[in-house]
Every structure is written in C-alpha cells, then in structure tokens.
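Enquirer: One letter stands for each residue in the lines below.
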Amino acid sequence: GAGVSQSPSNKVTEKGKDVELRCDPISGHTALYWYRQRLGQGLEFLIYFQGNSAPDKSGLPSDRFSAERTGESVSTLTIQRTQQEDSAVYLCASSPYRQSQETQYFGPGTRLLVL
Amino acid sequence: SQQGEEDPQALSIQEGENATMNCSYKTSINNLQWYRQNSGRGLVHLILIRSNEREKHSGRLRVTLDTSKKSSSLLITASRAADTASYFCATGSGAGSYQLTFGKGTKLSVIP
Numbered sequence: 421g422a423g424v425s426q427s428p429s430n431k432v433t434e435k436g437k438d439v440e441l442r443c444d445p446i447s448g449h450t451a452l453y454w455y456r457q458r459l460g461q462g463l464e465f466l467i468y469f470q471g472n473s474a475p476d477k478s479g480l481p482s483d484r485f486s487a488e489r490t491g492e493s494v495s496t497l498t499i500q501r502t503q504q505e506d507s508a509v510y511l512c513a514s515s516p517y518r519q520s521q522e523t524q525y526f527g528p529g530t531r532l533l534v535l
Numbered sequence: 002s003q004q005g006e007e008d009p010q011a012l013s014i015q016e017g018e019n020a021t022m023n024c025s026y027k028t029s030i031n032n033l034q035w036y037r038q039n040s041g042r043g044l045v046h047l048i049l050i051r052s053n054e055r056e057k058h059s060g061r062l063r064v065t066l067d068t069s070k071k072s073s074s075l076l077i078t079a080s081r082a083a084d085t086a087s088y089f090c091a092t093g094s095g096a097g098s099y100q101l102t103f104g105k106g107t108k109l110s111v112i113p
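From first to last, the protein sequence lines are chains A and B. One gets our numbering by counting positions in the first sequence from 1 and adding 420 to each. One gets our numbering by counting positions in the second sequence from 1 and adding 1 to each.
Just chain B, same shape as in the assembly (with noise of 0.2 Å):
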C-alpha cells in the first residue's frame, strides 16, 4: 500500500524561484527520506529526516517534518533548471523493518 503521497504531482517554476513539495503518510515513521530521479532512471538520495527532527538542512534544500500531522516539505531555494526531476519521498517505518515505502513523486520543471 501507498505510504507516502506527494503533493503537487507536477509542479513548474521559472528559474531562481524556490520549490516547495509536500509529502503525506499514514503510520508512524522511524525516518524520512528524500529522493531525486532524472529522466526515469536510478534514484538519488537527497536527504534523511528523522522522526525526533523537526528541520534539516543541505546545501539548497531544507526538509521539515511533523509527525502530528505526518507530513514533510522539502524546499529548494534559488532553483535551477538542472533540478529538473521527479522528487519521492520514502518512508521507514516499523521496530526491525528494512523496507523504505516510496510515494508516487513530484515532477519539477524548472524553466530556464
């Protein structure tokens, strides 16, 4: 079953302007991650929030997390058009689980 659900499903911006994706999930997490995926190929960890964080930082991304909505955002500032990609969010959830439950992602274009 779907864990997390990412928000918009498409989004377009013009270049230099920020992004802002939002991911929803049902059950208690241990983390949450972030991924990027450029033209339907591998995937690229991006960045991993924990369930007792609230806000984390990277270069031009910030993720923030609110288990009492179970929900996330991940910003990215200054966007360019090589942040062109689909964007997932992963949940891991569960004592002793190894599984990361993955959204069906947001594709960004960003318009040069």
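If we strip away everything but chain A, and leave its shape as in the complex, we get (with noise of 0.2 Å):
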C-alpha cells in the first residue's frame, strides 16, 4: 500500500517569509510525529499526534512554529517568518501503534532551505 507522503520534496525560501509543509500518514495509522534533522545530525523530535487527542508540542524549538492534524489524516507543519537555521530536512512518520514505542514508518522528507 501506499507510504507516507510529504510535500514539497523541496522548498528554497528566503528569510522571513512563512513555510507549510504537508504530511500524508499512512491510512488507519493514529499516529504522525514530525522531526527536524539537520545536516549530519540525528532526527529531533518536534511534534507527535494520536487520535484526537491533544498533541505533544514539547519539542517545537520556538513558537514560530506551529502543526495542525485533521483527525487521522493529513498534517500540516508551518513555520513563520523562516530563519536560515530554520533549514533542514523535515521528516514525518506515522504509526498504528498508541501504547509504546514501536516501528515508525518514514516519509521522504522535505529538504528546506532558508536563504
């Protein structure tokens, strides 16, 4: 079946305007995270929905940042007024799992770069 999509695969800003980038889970999976990576760095957790329940923000690095999910379906992370360390890549993944910490399955990714 399908996989995770993200979109745009690649998006070149210039400092200060506004970015969204999207996030198709996986069909039937409650949960999405979203993840920064910078480059030749590990993945640092931003943002994580279940369900309906209230996301955990805890990781967001500013409050120019910003996440949205529509019940199980598509999410959308938004960055205002972009800075140059804003760039990296962006990876969300989805799970079916809620209790623990099972297998996450991976988007590409959207490559952004903050002029």
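These are computed hints drawn from the structure, not numbers from a lab. Quantities reported herein were computed from a predicted structural model and do not represent experimental measurements. Please note: incorrect hints may appear among the correct ones.
Chain A stretches covered by chain B per the calculated footprint, using a threshold of three residues with CB under 8 Å from any CB of chain B [claimed, not checked]:
#1 452 to 465
#2 524 to 535
Quick list of in silico lysine-lysine cross-link-like pairs, DSBU-like style, CA-CA up to 35 Å [said to hold, decoys possible]:
#3 A/LYS431 <-> B/LYS105
#4 B/LYS71 <-> B/LYS27
#5 A/LYS477 <-> A/LYS431
#6 A/LYS477 <-> B/LYS71
#7 A/LYS477 <-> B/LYS108
#8 B/LYS108 <-> A/LYS431
#9 A/LYS477 <-> B/LYS27
#10 A/LYS435 <-> B/LYS108
#11 A/LYS435 <-> B/LYS105
#12 A/LYS437 <-> B/LYS105
Ideal Cβ placement from N, Cα and C applies to all residues, glycine included.
Two chains, two separate frames, one set of hints: put the complex together.
Expert: This is the structure in structure tokens:
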C-alpha cells in the first residue's frame, strides 16, 4: 500500500517568509510525528499527534513553529518568519501503535533551505 | 537530550566484508530499533529488539542487546554496495511513552 508522503520534496525560501509543509500518513495510522534533521545530525523530535488527543508540542523549538492535524489524516507543519537556522530536512512518520514506542514509518522528507 | 550514541561515526569497508555498528544509551529502555537512511531522506525500519531479548536476526542483519552495558550492536554480513547509507539506533523508554530518541547515526560506505 501507499507509504507516508510529504510535500514539497524541496523548498527554498527567503528569510522572513512563512512555509507550510504537508504530511499524508499511512491510512489507519493514528500516531503521527514530525522531526527535524539538520545536516549530519540525528533526528530531533518536534511534535506528536495521537488520534483526537491533544498533541505533544514539547519539541517545537519556538513559537514560530506550529502544526495541525485533522483527525487521523493529513498534517501540516508551519514555520513562520523563517530563519536560516531552520534549514534542515523535516521528516514525518506515522505509526499504527498507540501505547508503546513501536515501529515508525517515515516519509521521504521535505528539504528546506532558507536563504 | 541524546539517548543513543552510535559508534563509529563513519565506517568504510569493501563489498563482501561484515560491518559492525554500535549504539550506547543512558537510561532503561523498552526496546531499541535500528533504522537506515539513504541520502538524507526518509528512514526505513530495519529491526526492533525488546529489552528482554538478547539477539535477533533478520536476513543479513544481526542485532544484539546488552542491557547491563546499555549497548547494542548491528552486524551486516556480506555487505553490498547497496548497503551504503546512514544507520541510526532509536530507543523507546518510559512507561506509556510514545517517543523514540534517535542517535546521530553511523555513515556506512561499502566500496564495490
């Protein structure tokens, strides 16, 4: 079946502009995660959605970052007033598991470059 | 904070050789997973080992877990050029928690 998809694949923007990144999880997956990966680094947790529960936003680095998810479907990550330090690959993952830290299924990521 | 730390940071081997990567972590875990990432894109899940397991196999992959040393190793046997990628360990810990904590990865290069 279809995997996790993300759009756009690449995004180049100017400092100060807003960007919106999209994630389509695997159908039926209740859990959805956003991560940031800077060049040569590991994954940095940003936000977690589980069904209709309140999201865990504890990883968002500043109030310029926000994310939404409609039910158990599409999620968007918005970065306002982008800075050069926001340049990174933004990865989305989904999982069918509720209770434990089981396998996550990743999308191909969006590579963001802020000039 | 970083939970898993992979070692080495980079590894270069000839095709056909075995590759071993290590992961150390700091707190008690529920499970430990290994993921592969090609060219800085999405991660692919390779294998999951639970805290009560010591060894697990999947094809050419062998994972060991030593909870007393808080470490794990990933062995890829008979490596191929297509195995060239970055490999990350991720740990799940805490009751009722849903987060995985990823290390910085080992960059493996397999030379044909």
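Enquirer: So which hints don't hold here, by number, going up?
Expert: none
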